Structure formats: C-alpha cells, structure tokens
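Engineer: Listed here are the chains, written in short residue letters.
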Amino acid sequence: MKRFSIWKLTLKVVVIILILTLMVGPLVGIVLWSFARRWYWPSPIPQEFTLRFWHDVFAQGRVLDSLILSVTVALITVALSLALSLPAAYGFARYKLPIERILLILFLMPQAFPQLPVFINLASIFGRIGLKGNMWGIILAHTMASLVFSLWIITATFKAIPVELEQAAQNLGASRLKVFWTITFPLAVPGLIAGSIFVFLWSMGEFTAAFFIGAPFIQTAPVLMYTASMGYNMQIASVISIILIIPSLLFMILIERYLKAEYISGLGG
Amino acid sequence: MEEKIKSPMGFILILPALSVLGLLYVFPLIRAIWSSFYDRAGNFTLGNYAKVFELYTRDIVYSVAMTAATVGVVLVISIAIASYLRFRDWKFLDYMYRLPLFIPFLIVGHAMRIFLAPHGTLNALLTRIIGVEELPGISGSWTGLLFSFVWVMTPFATLIILGAFKALEPAYVEAAQNLGASKLRIIFDILIPLSGPSIMVATILTFVRTISSLTIPLMVGPNKPNMITIDMMFRVNYFNDWGVANSLGVISYLIVMVLAIYYLRYMVAERGGIKG
Amino acid sequence: MAVLEGVNLKKYYGKVHALDDVSFAIEGNELLAVIGPSGSGKTTLLRSIAGFVKLDGGRIFLHGEDITDLAPEKRNVAMFFQNYALWPHMTVFENIAYGLKLRKIDKKTIKEKVEWALEFLGLEGLADRKPSQLSGGQQQRVALARAIVVEPKVLLLDEPLSNLDAKIRLRIRFELKALQQKLGIPTLYVTHDQEEALSIADRVIVMHEGKILQSGTPEEIYRNPRNLFVADFVGMNTIVKVPAENGLVKVGNITKRIENEQKTASVVIRADEVNIVDATADVSTKEGDLVLIGVIKDRLYLGSKYRYEVEVEDINEPLFVNHEVDVAPGKKVKMIVPEGSYFIF
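Residue numbers (the working numbering), protein chains in the order written: chain A, 1 to 269; chain B, 1001 to 1276; chain C, 2001 to 2345.
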C-alpha cells in the first residue's frame, strides 16, 4: 500500500487534470473572454488582452444600471423574504398547526413542479396591474420564489435549537415574545445569515422571472448578460458573468455546513 | 416525542407567507391551468391542446428523453462521487464537484457556449493535445445540452446522496466489510439500498429542475428540437399565444406529476425534511 | 502458537495514546475479556484487530500470519457490533447468509448453514422477519448468528450485552459462555462491565489509558490486583486514604511496607466482604486479617443487605461497607476484613 507506484501517481495526475478540465474549464473561458481584445481560432488564449471591457462595465450607464438594479432588487427581496419567512418558520418549527399537511404541501409545491408557467402567468397578471416592466414586479416574483427555500432553511435552524432552552427561559418568567428575542433569535442568527445570503445570490442570478416581468423595459444584470451573449458581445457578457459568479463561489466554500441539499432545490432556474 | 404548542398563534405567524404564496404562486398556477382551456376570445376550447400535440409532440418527447438521460447520467456520476467520498476523504474532489452549486444557470449556459463551441476553449485545448484541428463543437447539439445539464445538476444530486451515505450508521458498512465484502459490494448491497429515499429525492429534484430549466437550453442546445420551456417562451414572446403556452405548462406539470406526488408525500412524512 | 497475537500495538490520536504498546495473545479456544473504563483503549484494540483502525505501530498475527496490513474484508475475524448493525433492508435470513454468499458458497449449503445457525441460537421461524420486527434479545442473537455462521478464526465481541435489559443480561451471560464453549471459537470480548467479564471469561485483561495494567484469570485479577486502579476497577469497593511514612503504612492492626516514596497510601476494601460485629465482641481473627474499629454514622436499606457509613478511628474519611445484619447508627463496631479482601497501595 505504501509503496510508491509510478502508475498510481500517473493515474492520479490524469484524473486531476480531467476533473479540472471538466469543472474549471468552462469558467476559464469566461475569464479569458472578459480580457480579450482579439481572439481568433485556433489560439488557446486571446491574441491581445485588454481591460477595456471591465472598465466599460463600470463606466457604461447601461451595464452599471443593470447591476445596481439587480443589487437593489436582491436586497429588497432579502428583506421581504426574511420578514415573511421568519415568523412562518417559527410557526412551522414550534406550533401544532391546523391543516398542517396542506400547508406543508403548499410550501413544498414550488420545488416539486416546474416554475416557468407560474412566472409566465405572473407576468401576464402583473401586465394588467401595471407591475410589468416595474422593479417591484420583479421583487414580488423573487420574494415569492425565494420564500420557499428561505422558509425551510430557517425552519431547520429553529428546529435545531432545543425547545428546552426556550422552556428554561419561560420557566424563569420570560414571555413568549421575550423568549424569542432573547433566546431563539440570537441562536438562529447564523442560519438567518446563511438564508439571507442564499436568497441574495439567487435573486442576483435569477433570469426567468426578471426576463418575463422586467424586459424589455428594465433589465437586471442576468437579462442584460443574456442579451449581450445572444448578440455575441462575449466580452461584456463574460464580465457580467464573472461579477455574478465570484460571490457564488465564495458562498459555496463558506456555507456548506448550514445547508441541507433539499432546501436549495429552488436554485438555478 | 417533541412537544408542540397548540395555539392559533402558529397559524397567524404563517398567514403572511401563506397569503403571498396564495396570491403569487397558487393564483397564477390556477390561472395557467384555467387559461389553457380558453381561446383568445374567451371561449372554452381544447384547441390549445390540439395545437400543442400538432406542433410540439416531438419537442415533448425530446424534453422527456433529454431529462431522463440527464437524470440517468447524473445518478451514475453522483453515486460514484458520493461512494468515493464516503470511503475516502479527498478535499480536492469534494470542492470540485460542488463548484457549480450556486452558479446561476444562465451563466452556466454562457460558459458552456464558450467552452463547447466549435472554436471554444475545450476544442482549443483538445487541438493542442491530440493535434487534430477543426473538431466539431457540441454547443449547438443535444450532446452539449446534456453535458451542460449534467454539469449543473450533478453537484446537487451528489450533495443529497453523499449526505445520505454519510448519515448511515457506520457499523452497517463495517459489518459488511467484516464479513468480507469489497467496497464495490458494499456500495450496491448496503449504501444504495439503505439510501433509497434520498436517491429518489435526488432523482425527482434533478428531473423537475431539468425539465423546467429555461436558461440552459436557451443558451446551449439545438434549435430543433426544442425543450418545451423554450416553446413556452416563444409562444408568449413571439406569438403572444398564452393558451398554447399554458397548455404546454400543464403538460409539463402532468409529466412530473407522479414524481412530484411521491416527493410531496415523502417530504410531508418527514415533516418537510425538518424532523427533530 | 497463539491463535491471535498482538505485539506492541500503538495507536495515537493526537496526544492521546489510545493504544500504548499493547501486547496480548489468545491461546486455544479461550474467551479473553478486555475490560476498562470508556477511553481506556479497549474498543480501539478490538477495532484494530478487525482492521477498522489503522495502527501506528506493532503487528497483529492470526495463526502466525501477519494480518496487520490486510483490509478489513480479508481478515476472517467476525465482529459482533455493540448496536448489532443488522441491515434493516434485509431479512434475518439474508443478514445471516450475507457473509456466506460473499464466500461463493452454493445456495443449498448456505440454506443449511443458516438454518443450523437459526436453530443453534433458538431463532427458528424468524428467518423471514425484518430486524425491526424482532425484540432486542432476538436481534442480539441474529447478530451473533451472522458472525458465527462464517466460521471465523476469531470472534470479536464488542459489548455484546450492553443493549439488553439488566435482567435478561444476567441470563444471557450464561448462554453466551455455554455457546462459546460449544462452538470452540477463540473469542475476544470487550466490555466495560467488570462483573460480566469476571463471570464469563477464561482470562481477563484490564486496560487503562491505552495500557494493559494486568492480565490473568478472573480470580487472579480479583484476589491479587497489581495496582490501585485494577483493585478499584473490579469488585464493589470502598477506598480511603491513609498517611504513609518512610514507606510504611499503618491501618488498624496492619502495617505494610510499600515501595513508593508517597506521602499517602490508598486502602481498597471489598465492601461486600467485611464482617461487622459489636466492638466488644470477641471474634477470632486470622493472621493478616484487617481489623478496624469505628462508629456507624448512617445506614441505607438495600433489600438483601444494608449499606453503612462508618467513621473509623484514625481515618479521616468515612468507610462504606455492606452487611446483611442490621446495626443501629451510633453503635461502635468492629470490622474484620479478611486477607485478600483489602489491598494497600
């Protein structure tokens, strides 16, 4: 077992290269494109590099506006989503509920069925009440869609806090509300932060709802990226992609212990 | 046995979230089903469905086949990765498989367009290695779409399955080892059968996420045949034809129905996966 | 040649020495028990023999063959797991047959062997049940059947009785002992329950902090403990500290020389083996018996006997002893501890 084997080492190197090619390779292309002034086949890297597109993204009105819009939408979505799911999660975690089965099914359904028809019809409904092409329309759609997974992340967080800790405080004379704010909430903060970051990232990268509800009047960063990529403006599309990827990768590395796979199924789109 | 508080307060706490879900999810959902049975003039009709089958039968079959293929490949790869990581701690693989986890699908689509194009980064690399120029690109074909789907779906399925493998009582594995079972035997005799529900959940969620993905087939994949999500988008954007779009939507619901019901029953039995 | 032999086994977890130069051997088809408190290294020892723990040093030999680097699945030492580890998705039959199937035995022979095992352990008629449909005692026997049916060279038992009710446990002890003798499989038995080990083992090893403190027959361990830890770990004891001077310890009528330069010595007394009589009573004592005079401070009723707290002359700590005779608190008594029922270290 411990003997040095040249074959084993070779195999390991080959496997590592293969994994890197398959997993990191697709991302390398974006990075190269974001710095490419000229890139003609079959050169593996661009012939000329430039920082122009990075500069453009932050200087040009349209791209910068879309980024600001995306951040604004995402922040308000996090606030709304948290405000709704915090009490609901506590309800699910601690209370015996009437029609519990139906409630659970309702809040799990968005994961079990395709979302697209809902977004399309939401766009149509919003069109009639003036929320189409409106930032608030996108925010509402994002709040609804993110509500489901933030709810389950936070419910799991509350469930992980032993009831006895609350009962001990109650036993000493604290009211239910006092117990929540002095015991439960502080203990749940890590889970709440994880849930919030998750909702933020999801909203930042969401395309479908933003496209049907916002476009063509207002464009979030992903929608603009789509337009750029479709118009073969690879550099701008790549720069926006990188801006959206970096926080996602950081989160992936930092967050693992807070997330159960089932709760993040709403991701992507 | 956990004690739960019996009080109408619980329902009141859930009410705001429930209202939002009702207005912004359930209402559009019902409207989708409803309007799939009405024509533009507002008359009841089955014409939308007739049109769907006339125009999109091939696309429906293609969508289901593509989704099934994705699920199949994803399951094989994710069970392999999960098994490996269950027995051996390899940090490199652990991070690599999870890399795509939080990357928005749209950006994955963009990345794959660059990576898999005829003159894309993959071919640039392959050309260097094997010396053949002008390799075909797969970014506009079903293989490219399959590759992209597998790339984004695998980490998620692996996460679920690895979680189940790791949660298994280690003694189950050790007992089999002790009686002479190889690692491969243990994977098939112990790990997989005892993780049935989790593998089922991974299967279902991968299936639903794949068949309802709009952005990946939008960026990668052939123009003909199309995934039905693309058809829905075109119906709305180019023809303003909500009836047919919604019929397609209802059909996508019907396709996942059996799996979705299994999933909901399982999750409700587990109290939303939030036991204890 | 020993059946199973461990030579200078070492295992470190950071600074903790789970196994600190441990050597042992199982001879013939004896039942060797390893006892010690939790964290003593006994489970690590068992798991290293099964191959689940990779050793940092030392070799393990099975019938003279070095198995130290063999994978767990290649060792043919059957292990019984504390929580039974019966696979919930397989029936009783499938659980027991699993090891045989891996050995590529034909179906008919497998069936015969499983049926023999079922009968041997009194599990007839349960073959098609799932483990969850069995009682704890039945599960325990299925786990045992699964381990013995492959005819292992050595049987490793990890706390086999700890998950059973206290009352059943006593009965099963005898069954287990009889079973092991009938089968004639050399057995290593790990338990934290010293009484259990003393009652069924041929030989006992006492472990503490990764070291073997003493090994020997149950009688040797009980009657002739080599140090304070072993003396205290086996049996029901009361311990008091007494001063030592120039290597001499004086307790009651006994003066003993100890080797260490310590300032205090410990007296371990088997609490159940003390005779309590009236202080004035004239009882004949043998040479070497320890005689202590004291006053009963308090008394607890234990059913078959009483537990007394006694204040002994010249000793600062109370002594707790058991005796079946009822003596009122406040009474002055004489306590006679026979030689071999007390130890001074």
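No lab work stands behind these hints, which were simulated from the structure alone. This one's a predicted model, so the numbers in the text were calculated from it and none came from an experiment. Glycine is no exception: its CB is placed at the ideal position from the N, C-alpha and C atoms. Check each hint, because a few of them may be wrong.
[To be verified] No farther apart than 30 Å at their CA atoms in a straight line, the calculated lysine-lysine pairs in the DSBU-like style are these:
{"no.": "1", "chain 1": "C", "residue 1": "Lys-2286", "chain 2": "B", "residue 2": "Lys-1183"}
{"no.": "2", "chain 1": "C", "residue 1": "Lys-2182", "chain 2": "B", "residue 2": "Lys-1183"}
{"no.": "3", "chain 1": "A", "residue 1": "Lys-178", "chain 2": "B", "residue 2": "Lys-1006"}
{"no.": "4", "chain 1": "A", "residue 1": "Lys-8", "chain 2": "C", "residue 2": "Lys-2054"}
{"no.": "5", "chain 1": "B", "residue 1": "Lys-1166", "chain 2": "C", "residue 2": "Lys-2130"}
{"no.": "6", "chain 1": "C", "residue 1": "Lys-2074", "chain 2": "B", "residue 2": "Lys-1166"}
{"no.": "7", "chain 1": "B", "residue 1": "Lys-1166", "chain 2": "C", "residue 2": "Lys-2010"}
{"no.": "8", "chain 1": "C", "residue 1": "Lys-2101", "chain 2": "B", "residue 2": "Lys-1183"}
{"no.": "9", "chain 1": "A", "residue 1": "Lys-178", "chain 2": "B", "residue 2": "Lys-1004"}
{"no.": "10", "chain 1": "C", "residue 1": "Lys-2130", "chain 2": "A", "residue 2": "Lys-12"}
{"no.": "11", "chain 1": "B", "residue 1": "Lys-1091", "chain 2": "A", "residue 2": "Lys-12"}
[Unchecked claim] Which bits of chain B does chain C cover? Going by a derived footprint, with three or more residues having C-beta under 8 Å, they are:
{"no.": "12", "stretch": "1167 to 1173"}
{"no.": "13", "stretch": "1181 to 1191"}
Engineer: It remains to establish, for every hint, whether it holds in the given structure.
Structural biologist: Tested hints:
1. Lys-2286(C) x Lys-1183(B): Distance ~65 Å between Lys-2286(C) and Lys-1183(B) Cα, so the pair is violated.
2. Lys-2182(C) x Lys-1183(B): Outside the cut-off at roughly 34 Å; violated.
3. Lys-178(A) x Lys-1006(B): 19 Å, holds
4. Lys-8(A) x Lys-2054(C): 21 Å, holds
5. Lys-1166(B) x Lys-2130(C): 23 Å, holds
6. Lys-2074(C) x Lys-1166(B): 24 Å, holds
7. Lys-1166(B) x Lys-2010(C): Holds, at about 28 Å.
8. Lys-2101(C) x Lys-1183(B): 15 Å, holds
9. Lys-178(A) x Lys-1004(B): Roughly 18 Å separates the two Cα atoms, so the pair holds.
10. Lys-2130(C) x Lys-12(A): Violated: Lys-2130(C) and Lys-12(A) sit about 42 Å apart, past 30 Å.
11. Lys-1091(B) x Lys-12(A): 14 Å, holds
12. 1167 to 1173: holds (count 3)
13. 1181 to 1191: As far as the stretch 1181 to 1191 of chain B goes, the hint holds, because 5 residues have Cβ atoms under 8 Å from chain C.
Checked against the numbered hints given earlier, the structure breaks hints 1, 2, 10 and satisfies all the rest.
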